[in-house]
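Trainee: Here the structure of chain A is known, so what remains is to put chain B in place on it, guided by the hints.
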Amino acid sequence: MKFLKKKEVLIIDPLETLLETSSTKGAEYVGIRGGIINEKRISALNGVIKKEMNCVDTGYGIRILSDGITSFTSVPDIKYAPREVEKAIRASSMLSNWKRGTSSLSNSAKSEANIKVNPKINWKDLTKQDFDTYISELYDYVSEKINVPAMIELDLLFFNWSERFINTEGSRIFQEYPYSILTLTGRVKKNNQVVKFYKNYGGLGGLETLPFQNLEQTNEFIEVVNNLPTAKFVKNGNYKAVLCEDFAWTCIHEVLGHSLEADNVLAGRSFTAGLLGMKIAPSIVTVIDDPYIETVGFYEYDSEGTKGKGTLLVEEGIHTDFLHSRETAAAMDAESSANYKAFSFEHLPQVRMSNIFFSPKDFSFEELLEKTKNGLYVGDGLGGSAETQTGEFNLNAQYGRLIENGELGEYFLQLQVSGNMLDTLTKITGIGNRLLAQPGSCVKNNQRIFVGSVSPKISVSEMRVS
Amino acid sequence: MYTDDELKEIAIQIIHKLEQKYNFKESEVFIQSLSQIRGGTVFRTPKEFHSTNRAGCAIRYFNNDKLFFSCFPINSVLNRIENLDKQSIYPIESQSFSFPQITEDSKSIANIYDKRIASLDEEDFFAIIYALNEQDEQIKDVILDSSVTYSLERKIIVNSSNMLAFEKGTWFDIDVRALYRGKDIIASSEKYLTSRQIPNSLDGLIDDLMSETIQRAGTRAKISNLIVPVVFSPNAFADIFSFSFIPLLCKNEKNSSGKYDFSSDFTLVDDGTIPGLPNSTAFDDEGQNQSKTVLIKNGDFINELNSTQFSKDQSIQTGNSFRVKLFEQFPRHYKVYPAINPSNLLISEGNETIGELFDDIGEGIYVNSVQGHMTADSQTGVFKISTTDAYWIENGSIKGTLPSFSITGNMLELLEGDIQFSKDRKVVRPRNTPYSIVIPYILTNKVSIFS
Numbered sequence: 042m043k044f045l046k047k048k049e050v051l052i053i054d055p056l057e058t059l060l061e062t063s064s065t066k067g068a069e070y071v072g073i074r075g076g077i078i079n080e081k082r083i084s085a086l087n088g089v090i091k092k093e094m095n096c097v098d099t100g101y102g103i104r105i106l107s108d109g110i111t112s113f114t115s116v117p118d119i120k121y122a123p124r125e126v127e128k129a130i131r132a133s134s135m136l137s138n139w140k141r142g143t144s145s146l147s148n149s150a151k152s153e154a155n156i157k158v159n160p161k162i163n164w165k166d167l168t169k170q171d172f173d174t175y176i177s178e179l180y181d182y183v184s185e186k187i188n189v190p191a192m193i194e195l196d197l198l199f200f201n202w203s204e205r206f207i208n209t210e211g212s213r214i215f216q217e218y219p220y221s222i223l224t225l226t227g228r229v230k231k232n233n234q235v236v237k238f239y240k241n242y243g244g245l246g247g248l249e250t251l252p253f254q255n256l257e258q259t260n261e262f263i264e265v266v267n268n269l270p271t272a273k274f275v276k277n278g279n280y281k282a283v284l285c286e287d288f289a290w291t292c293i294h295e296v297l298g299h300s301l302e303a304d305n306v307l308a309g310r311s312f313t314a315g316l317l318g319m320k321i322a323p324s325i326v327t328v329i330d331d332p333y334i335e336t337v338g339f340y341e342y343d344s345e346g347t348k349g350k351g352t353l354l355v356e357e358g359i360h361t362d363f364l365h366s367r368e369t370a371a372a373m374d375a376e377s378s379a380n381y382k383a384f385s386f387e388h389l390p391q392v393r394m395s396n397i398f399f400s401p402k403d404f405s406f407e408e409l410l411e412k413t414k415n416g417l418y419v420g421d422g423l424g425g426s427a428e429t430q431t432g433e434f435n436l437n438a439q440y441g442r443l444i445e446n447g448e449l450g451e452y453f454l455q456l457q458v459s460g461n462m463l464d465t466l467t468k469i470t471g472i473g474n475r476l477l478a479q480p481g482s483c484v485k486n487n488q489r490i491f492v493g494s495v496s497p498k499i500s501v502s503e504m505r506v507s
Numbered sequence: 029m030y031t032d033d034e035l036k037e038i039a040i041q042i043i044h045k046l047e048q049k050y051n052f053k054e055s056e057v058f059i060q061s062l063s064q065i066r067g068g069t070v071f072r073t074p075k076e077f078h079s080t081n082r083a084g085c086a087i088r089y090f091n092n093d094k095l096f097f098s099c100f101p102i103n104s105v106l107n108r109i110e111n112l113d114k115q116s117i118y119p120i121e122s123q124s125f126s127f128p129q130i131t132e133d134s135k136s137i138a139n140i141y142d143k144r145i146a147s148l149d150e151e152d153f154f155a156i157i158y159a160l161n162e163q164d165e166q167i168k169d170v171i172l173d174s175s176v177t178y179s180l181e182r183k184i185i186v187n188s189s190n191m192l193a194f195e196k197g198t199w200f201d202i203d204v205r206a207l208y209r210g211k212d213i214i215a216s217s218e219k220y221l222t223s224r225q226i227p228n229s230l231d232g233l234i235d236d237l238m239s240e241t242i243q244r245a246g247t248r249a250k251i252s253n254l255i256v257p258v259v260f261s262p263n264a265f266a267d268i269f270s271f272s273f274i275p276l277l278c279k280n281e282k283n284s285s286g287k288y289d290f291s292s293d294f295t296l297v298d299d300g301t302i303p304g305l306p307n308s309t310a311f312d313d314e315g316q317n318q319s320k321t322v323l324i325k326n327g328d329f330i331n332e333l334n335s336t337q338f339s340k341d342q343s344i345q346t347g348n349s350f351r352v353k354l355f356e357q358f359p360r361h362y363k364v365y366p367a368i369n370p371s372n373l374l375i376s377e378g379n380e381t382i383g384e385l386f387d388d389i390g391e392g393i394y395v396n397s398v399q400g401h402m403t404a405d406s407q408t409g410v411f412k413i414s415t416t417d418a419y420w421i422e423n424g425s426i427k428g429t430l431p432s433f434s435i436t437g438n439m440l441e442l443l444e445g446d447i448q449f450s451k452d453r454k455v456v457r458p459r460n461t462p463y464s465i466v467i468p469y470i471l472t473n474k475v476s477i478f479s
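Protein chains in written order, with this note's numbering: chain A, 42 to 507; chain B, 29 to 479.
Extracted from the complex, chain B is given alone in its bound form:
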């Protein structure tokens, strides 16, 4: 694939052409190069091996004070922009803004790059698959399927500030599924993990998966009381929270935020500068430096996320402009217009462990995974979900697995109520989203159960 220097050179050639041929006063070139390898096993046989490579660029420019946007493949961009001014008929409606001043090309965030991933070496890669397979063969009655992806992204932004921002980042993604033959049913569970480096060990992930799968195949229980407290796992709550609340944090959402009276225990921070977290990056996809932004403090909205384009006050920049493509293996794509998105969200922790929360409620429901959350409504906060893995709790411990049932609720009301957060938190990247959430277990009485 293109070398780092080739990509930088192409970016500079494009910006020069935009300036010299068209005399644009403000223009921006964003280049994404993505290389991935992926493989794994299914029913103890090897899955297909994928090696995919992408290289493309997006151009934004102001022509007569009007903003335009187009995308091209790298290998033909210099030819294709010959008629750039004739390709777009309509400008993008936008307030007047300047692309950010890129000041440092050497700024970097620690622990977001792993040389072993970046080498995309298939021998190293398969060593992980072999190791997972060995674990699989050691566990009786369980089949362990896996899918591992190494990703190397290089992004370059150059704009009329005539400085170039360049960053290399790596991701390690693993999906594992266990199939277990229990007493009278076959149970399966899935888990996934995203990290910026190859983890030292996957034992914790596999152990959690195994215990969950075996638990699912265990004694079945019934919901004996529909009005009981519900504890959501970090994964389950992150899924619901992502689609029923997070869009409110973005400045260009249609609903205005700040009118809520959330629990004083609820604090929410966006921080793209924490080394090693899934979406930490030196600068966002407009070239703006990342930052730490306290969004909700002790229940009060105090800040919103923004981007250079959508920031009313250009002096306050949170660096949250990302080119996000949902429902993709790699959730960022150069072809998507930059929009406001979180980087890494951190929800405040509570004082009690998950075990203590279970003890507190005595009788209730523990929801480990859900489906249907993607149609939640962030305007109203209303969500309607079905459980895919839930348990009945009695005397502070899990009594048995529950068949699927529906839960309805309103995230805005739930966060205003008597919500409890656990002391233990997990880093979750909700499916189909580009950000991560550091999130505790959640205990609430404010949802309705429909069986």
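Bound-form chain A, shown alone:
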């Protein structure tokens, strides 16, 4: 039994005790995550605060490898954990009596770390007067520059995520990260219908990651909102296109990225399975996943204690790697890329992207437009869906703009881009020289996590637009 020293009083460390008892029940491997998530949400409409919500969530997630079968249990209170662990081991035993378990874990270094990222401006230290001032100054700036009748919504989300991880291999890791996200939404009338545009700001850290102290960051949001009332519907057709950073990221994340997750490969849900080592894109295309970019996708260790590292997924058009957990790495004779993640202790982690992006190249925005000459500029993403098994995608953009003689022209309302990813990759003609990092989120098998929307602008020779 191990002990924690707290205020000169020795108390039993419940995680260590649970690990010790669990490992005596025949499990080959046990990993325990104990987490605390603190959230504050504030919403305002036209500068007036309408809603605040505060939530605290605590609990434990226990992953067990027994008889070649992985099992997972989560509990809100550790007192319920021993019974649930027994149940999970019993289930593994039943399954392995039915079919031989094949799960195993690739080797991993024993890790010890204590990481705490402190925000420069902590939301917990802010007074009502501080919030009132920040929000009203931002609203005043935006509303002064918006010259059409508009409703401006502001949604703030601060969360402090902390998790302690221990496993039977001796790893002991504590991580605590603050993240902040601001979503600005503008609603305007167009032919008696409300149309909207939203944009996210933020990243790893506190209030300093949001545009409150650099109000000019909202200028692009203001410009789009100003142009929505006169925006037109795009004509269906195939267009040469320049994709803005957020849409380029949506495209690479939803379609290529998910197909590079090794658990999808092993489940037969990846169009890139079997393409390792093959040329899947022009030589200007290099794709990387890197958890160290300071977005809401930042982390140092993944949810099984593997130290994060950048992964080169596509190098000069050649598919070089997949994203792995220790389990998928063992199955595919590879190394974990430290991409086994779950936001909450309540869930068994899955292989997830952190910050996936096209490596930037030499083209300025003006050069991408000039190269495209006549076509369509595709604005910020609005989600959509993709079949990772086939690479077929169907993604929406919040707006578009005409490209005419290499110049940006009139605005278009929400549009949809569809196609096949392998086909689209071959049509990439240029990649911008500047990475933009914004907050993004991702849902996989009913688990949402926050990730970075990181990308340069790219140009493509053809996209199907409706």
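Please note: incorrect hints may appear among the correct ones.
[As the list claims (entries may be wrong)] Some, not all, of what chain A presents toward chain B, calculated at C-beta under 8 Å: (1) 97; (2) 99; (3) 507.
[Unchecked claim] Cross-link-like lysine-lysine pairs, in silico, BS3-like; alpha carbons within 30 Å at most: (4) A/161 to A/140; (5) A/140 to B/75; (6) A/92 to B/45; (7) B/75 to A/66; (8) A/231 to B/340; (9) A/165 to B/94; (10) B/49 to A/92; (11) A/120 to B/94; (12) B/53 to A/91; (13) A/237 to B/474; (14) A/120 to B/196; (15) A/231 to B/474; (16) A/276 to B/474; (17) B/114 to A/157; (18) B/45 to A/91.
Keep in mind the hints are simulated off the structure, nothing from the lab.
The structure displayed is predicted, hence computed values, not measured ones.
Built from N, CA and C at the ideal position, the CB exists for glycine as well.
Mentor: Chain B only, in chain A's frame:
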């Protein structure tokens, strides 16, 4: 996990503390306890076994006539609310309202609780997985993957009426995927089913899945005419309808409803009291009794869904306040602020079977599944989708499978037009939504095809 009595006791302790320490005149405690087990197979090998447990509570209270909201874990809530009045800076803007009078704690709905699910017994649970695997092994050239989830939710609401509402509900969820090697392609299809009890048989689901998968691997066809009638399957239409229309039914939506001239064949009812349907419940997440509400009758909007907080007329309550979290395995979560949502929607049936609808159109398209529907715009009704499973129909029967193509349309116009509903209806819980829809096949001429 916590026993029923422990959960009730904690709820009462919290409400007493709110009343005694803070002297709140109006307060509400909502407790959710959720236990799930999940497992299945992928490529004939066992998937991970999950056993997840949640217990948390949400508190709403009026302090000096201002409404506040916070959430806490059950095991530390009594300590954490020591400084409750200092945690929230801003109130939630709301009209004045009272939490509902909880009158009956014994009221219940039949067939929403299955003891076999509630026991969360892994042996019983795996019996289903084994049975599915046996079916898989009997079918040549097909691999059948499955994922089965048992869910037990217990919810408690206690408010200043000093009565306690308690309900236990169970859900059985199954996702199945078939992979089939056809003549020259490998086809796959997926199906899912939600029910409140373990179904007597899954044969119908598996048979449907198999025939669909084999059909997808069959002869390929081309769209020879872009201006043809389209028949949507219940699943495909439910997906589009959910994101392009259903938000209009909620009273706090920004757009006002009631200005439409829908087909007189279109009747839509919300009914949370039907035994056994996926979202039937004795009371909603504010403690208001569920009801049957006719929303659209013969094409006319006659009612809207509401909740205690968002009801202008407090005498008419539909009981549609739910704490919904989209994109979750279990779509309700105590941490979400209660909002208006449907329970179970029922779309009127027509007079003809799906076979007769096919005969009527002669030449056309049958759309079985779609993607891209989640970005539909309920303000305008506009949707743009891509098909993931569609077929060319000739002489009233399926001629061959079609490659993916785009469909655009406007749900409001589509429902105003010459729409036809089939006699056969299915219970569908659209992906990523908390409600179910009893929905027929739909035949329309009012969509545009873009290939």
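Trainee: Holds or violated: residue 165 of chain A and residue 94 of chain B, Cα atoms, limit 30 Å.
Mentor: holds (22 Å)
Trainee: Is the Cα-Cα distance between residue 140 of chain A and residue 75 of chain B 30 Å or less?
Mentor: holds (11 Å)
Trainee: Against the 30 Å threshold, does the CA-CA distance of residue 237 of chain A and residue 474 of chain B hold or violate the hint?
Mentor: holds (26 Å)
Trainee: Keeping to a limit of 30 Å between CA atoms, is the pair of residue 276 of chain A and residue 474 of chain B held or broken?
Mentor: holds (18 Å)
Trainee: Take a quick look at whether residue 231 of chain A and residue 474 of chain B sit within 30 Å of each other, Cα to Cα.
Mentor: Distance of about 23 Å is within 30 Å: holds.
Trainee: Using the nearest Cβ pair, does residue 507 of chain A come within less than 8 Å of chain B?
Mentor: holds (5 Å)
Trainee: Under the criterion that the straight-line Cα-Cα distance not exceed 30 Å, is the pair residue 53 of chain B, residue 91 of chain A satisfied?
Mentor: holds (22 Å)
Trainee: Are the Cα atoms of residue 75 of chain B and residue 66 of chain A separated by 30 Å or less?
Mentor: Since the Cα atoms of residue 75 of chain B and residue 66 of chain A sit roughly 21 Å apart, the hinted pair holds (cutoff 30 Å).
Trainee: Hint check: is the beta carbon of residue 99 of chain A less than 8 Å from a beta carbon of chain B?
Mentor: Residue 99 of chain A check passes; min Cβ-Cβ to chain B is 5 Å, inside 8 Å.
Trainee: Holds or violated: residue 92 of chain A and residue 45 of chain B, Cα atoms, limit 30 Å.
Mentor: holds (24 Å)
Trainee: Could you grab the alpha-carbon distance between residue 45 of chain B and residue 91 of chain A and see if it respects the 30 Å cut-off?
Mentor: Roughly 27 Å separates the two Cα atoms, so the pair holds.
Trainee: Would you mind confirming whether the straight-line C-alpha gap from residue 161 of chain A to residue 140 of chain A stays at or under 30 Å?
Mentor: violated (53 Å)
Going through the hint list in order, the structure does not satisfy hints 4 and 11.
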